Amino acid sequence: TQLLEQSPQFLSIQEGENLTVYCNSSSVFSSLQWYRQEPGEGPVLLVTVVTGGEVKKLKRLTFQFGDARKDSSLHITAAQPGDTGLYLCAGVPIDNNAGNMLTFGGGTRLMVKP
Amino acid sequence: EPEVTQTPSHQVTQMGQEVILRCVPISNHLYFYWYRQILGQKVEFLVSFYNNEISEKSEIFDDQFSVERPDGSNFTLKIRSTKLEDSAMYFCASSEGDPGTGAYEQYFGPGTRLTVT
Chain E
-6 TQLLEQSPQF LSIQEGENLT VYCNSSSVFS SLQWYRQEPG EGPVLLVTVV
44 TGGEVKKLKR LTFQFGDARK DSSLHITAAQ PGDTGLYLCA GVPIDNNAGN
94 MLTFGGGTRL MVKP
Chain B
-19 EPEVTQTPSH QVTQMGQEVI LRCVPISNHL YFYWYRQILG QKVEFLVSFY
31 NNEISEKSEI FDDQFSVERP DGSNFTLKIR STKLEDSAMY FCASSEGDPG
81 TGAYEQYFGP GTRLTVT
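Chains as they are written, first to last, in this note's numbering: chain E, -6 to 107; chain B, -19 to 97.
Extracted from the complex, chain E is given alone in its bound form (with noise of 0.2 Å):
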């Protein structure tokens, strides 16, 4: 069973501080996943990071994937309260070739104050 382990699971900080949020596993994907889910409704893509020392940019949203492809963190900067929400790293193991299934971690609670 390929694990994600998202740390740290709750984090409330107040507006305009930097944060990061870390993915980690201790199984290779090849690729890796990031999405927002807001309460009762479903997991909204951000980014997909694919090449091992990948990094991605949306906005104020940086997305890095570790060498090994094992890791990837998803930093903020400047955080706002239109970030507030439950942040998802998702892969696909290496191994899996058939389905594609993604193994999700179990989120990161992020409270943005104003």
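Mixed in with the good hints, there may be bad ones.
Here are the simulated BS3-like pairs of lysine-lysine, each with C-alpha atoms no more than 30 Å apart in a straight line [what the hints assert, rightly or not]:
1) B/58 / B/22
2) B/37 / E/63
3) E/106 / E/50
4) E/106 / B/22
5) E/52 / E/106
6) E/50 / B/37
7) B/22 / E/52
8) B/37 / B/58
9) E/63 / E/50
10) B/22 / E/63
11) E/52 / E/63
12) B/22 / E/49
13) B/37 / B/22
14) B/22 / B/63
Chain B stretches covered by chain E per the calculated footprint, using a threshold of three residues with CB under 8 Å from any CB of chain E [unchecked claim]:
15) 12 to 23
16) 87 to 97
I should point out that these hints are in silico values taken from the structure, not numbers from a laboratory.
Predicted model only: the values in this text are computed from it and were never measured.
In this text, a Cβ means the ideal position worked out from N, Cα and C, and glycines have one as well.
Please arrange chain B on chain E, whose structure you already have, making use of the hints.
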């Protein structure tokens, strides 16, 4: 922007009844998935479907469950003889598939909340 849609948004059923959850994937996508999320827990993979057949299924997806693509647009999940522990949010997802890079970006629907009483 194309999106995955799911109906109904909320389904209440009695234990032992059968339910069918419906999904309309993004039109040019080739891979279809069902996931579930029990309240407060991780999103869990149930099944993937490609080329009109199941390509992978999890341990959760036992004989109680079945999937079907009855026409060119719908993708359904049938749960027979529902149990209390089947209560969860059920998400449909679809992906276009990108064999070259291995990036199979999956786009999720809004979910169906299933409540078994």
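Now the hints, each set against the structure:
1. A threshold of 30 Å between alpha carbons decides the hint, and for residue 58 of chain B with residue 22 of chain B the separation of about 22 Å falls inside it, so the pair holds.
2. Between the alpha carbons of residue 37 of chain B and residue 63 of chain E the distance comes to roughly 23 Å, so the proposed pair stays at or under 30 Å and holds.
3. Proximity of residue 106 of chain E to residue 50 of chain E is assessed by CA-CA distance (about 23 Å); at most 30 Å being required, the pair is judged to hold.
4. Only pairs whose Cα atoms come within 30 Å are accepted, and residue 106 of chain E paired with residue 22 of chain B is accepted, the gap being roughly 25 Å.
5. With a CA separation close to 20 Å, the supplied pair residue 52 of chain E and residue 106 of chain E stays within the 30 Å bound.
6. Under the criterion of a C-alpha separation no larger than 30 Å, the hint pairing residue 50 of chain E with residue 37 of chain B is inconsistent with the structure, at around 33 Å.
7. Simply put, residue 22 of chain B and residue 52 of chain E have alpha-carbon atoms about 27 Å apart, close enough for the 30 Å limit, and the pair holds.
8. For the given pair, residue 37 of chain B sits about 14 Å from residue 58 of chain B by alpha-carbon distance, which is consistent with the 30 Å threshold.
9. Using a Cα cut-off of 30 Å, the hinted pair residue 63 of chain E and residue 50 of chain E holds, with the two alpha carbons roughly 19 Å apart.
10. Under the criterion of a C-alpha separation no larger than 30 Å, the hint pairing residue 22 of chain B with residue 63 of chain E is consistent with the structure, at around 19 Å.
11. Taken as a hint, the residue 52 of chain E and residue 63 of chain E pair is honoured in the structure, with Cα atoms around 25 Å apart against an allowance of 30 Å.
12. This hinted pair checks out: residue 22 of chain B and residue 49 of chain E have alpha carbons roughly 25 Å apart, not beyond 30 Å.
13. Using a Cα cut-off of 30 Å, the hinted pair residue 37 of chain B and residue 22 of chain B holds, with the two alpha carbons roughly 17 Å apart.
14. Our distance criterion of 30 Å between C-alpha atoms is met by residue 22 of chain B and residue 63 of chain B, whose separation comes to about 20 Å.
15. Counting residues of the segment 12 to 23 of chain B whose CB lies closer than 8 Å to any CB of chain E gives 4, so the stated coverage by that chain holds, three being the minimum.
16. Note: the segment 87 to 97 of chain B has 6 residues with beta-carbon separation from chain E under 8 Å; the three-residue rule is met and the coverage holds.
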